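J.: Just so we're aligned: 16 in our numbering is position 4 of the sequence shown, and the numbers increase by one with no gaps anywhere.
Quick caveat, the hints were computed from the structure, so don't treat them as lab data.
Note that the coordinates shown come from a computational prediction; the quantities given were computed from them, not determined experimentally.
Each residue gets a CB set at the ideal place from its N, CA and C atoms; glycine is no exception.
Any given hint might turn out to be false.
Okay, the calculated beta carbon distance ranges per label pair [to be verified]: (1) 238 / 20: 49 to 55 Å; (2) 101 / 24: 48 to 54 Å; (3) 18 / 64: 31 to 37 Å; (4) 174 / 49: 22 to 28 Å; (5) 221 / 242: 23 to 29 Å; (6) 125 / 86: 26 to 32 Å.
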Amino acid sequence: HKVMQGREEVTSKVIDMLCDGQSLSMNNIQSLPWPAEFLRALKAIPCPYHRYFWLTPAMLAEEIEAAKTKGTRAEQVMKVEQELFDIYARPELDEKPEQLSFRGGAYYSEVAVELINAIYNNLGKEMVVNTRNNGAIKGFDDDAVVEINSIIDAQGARPLAFGALPPIMNGLTQQVKAFERLTIEAAVHGCRDSALLALVSNPLVGNVTDARALLDEVLTINRPWLTQFN
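Could you build all of it, start to finish, from the sequences and the hints given here?
T.: So this is what it looks like as structure tokens:
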């Protein structure tokens, strides 16, 4: 994708800004700087979540340290959600809770309203949404869910043709898609084999030893809710 300012492409300028240390991150993700050499080689702007895949040791160290005082990401989210549910239960509420800004969820409500408006009024508006690939990105199944620029109208979302991803992006995305499909297969059919392969294929696990130990722990702790694996 290109970054446009009016009719001027400014992608290289934005990459230069990031190389100079300016941050592009979210409240729920540690703002670690990208190595300038890597950004210039990539010729693209990674989203904040890419830090988990391409700055893994530093991100893991930060997560471990945060877990000691604040809890894991999941525990933090559960706490915020419970606080929000308690706030929303108050009929007199007439302002946006500050908790909405704690975990990187800012502007989702505005985007949701824009999407509803585009569908209801058949606007044909271009938005970035999660939808079926339907051939937009080469090399991925039509029913793969992708986050992509799409035209939104009364028929829903129609993804704009993108073509093939560059090799480094294609490799990572194919791995994550394999993880997703195998996870779905495991969940639907209660298949331990698929669950194990899913974890091995995930770049953040990446080896059989850790995957097997992680799977055993997940299935043991969640046995009451994962009855299809019993």
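J.: Can the suggested window of 26 to 32 Å be confirmed for the beta-carbon pair residue 125 and residue 86?
T.: holds, 28 Å
J.: When you take the CB atoms of residue 221 and residue 242, is the distance between them in 23 to 29 Å?
T.: The hint (23 to 29 Å, Cβ to Cβ) holds, given that residue 221 and residue 242 are roughly 25 Å apart.
J.: In this structure, is the beta-carbon distance linking residue 18 and residue 64 contained in 31 to 37 Å?
T.: holds, 33 Å
J.: Return holds or violated for the Cβ distance of residue 174 and residue 49 against the range 22 to 28 Å.
T.: At 26 Å between Cβs, range holds.
J.: Taking the CB of residue 238 and the CB of residue 20, does the distance hold inside 49 to 55 Å?
T.: For residue 238 and residue 20 the Cβ distance comes to about 52 Å; the hint holds.
J.: Can you let me know if the beta-carbon spacing of residue 101 and residue 24 is within 48 to 54 Å?
T.: For residue 24 against residue 101, whose Cβ atoms are near 50 Å apart, the range 48 to 54 Å holds.
Checked against the numbered hints given earlier, this structure breaks none of them.
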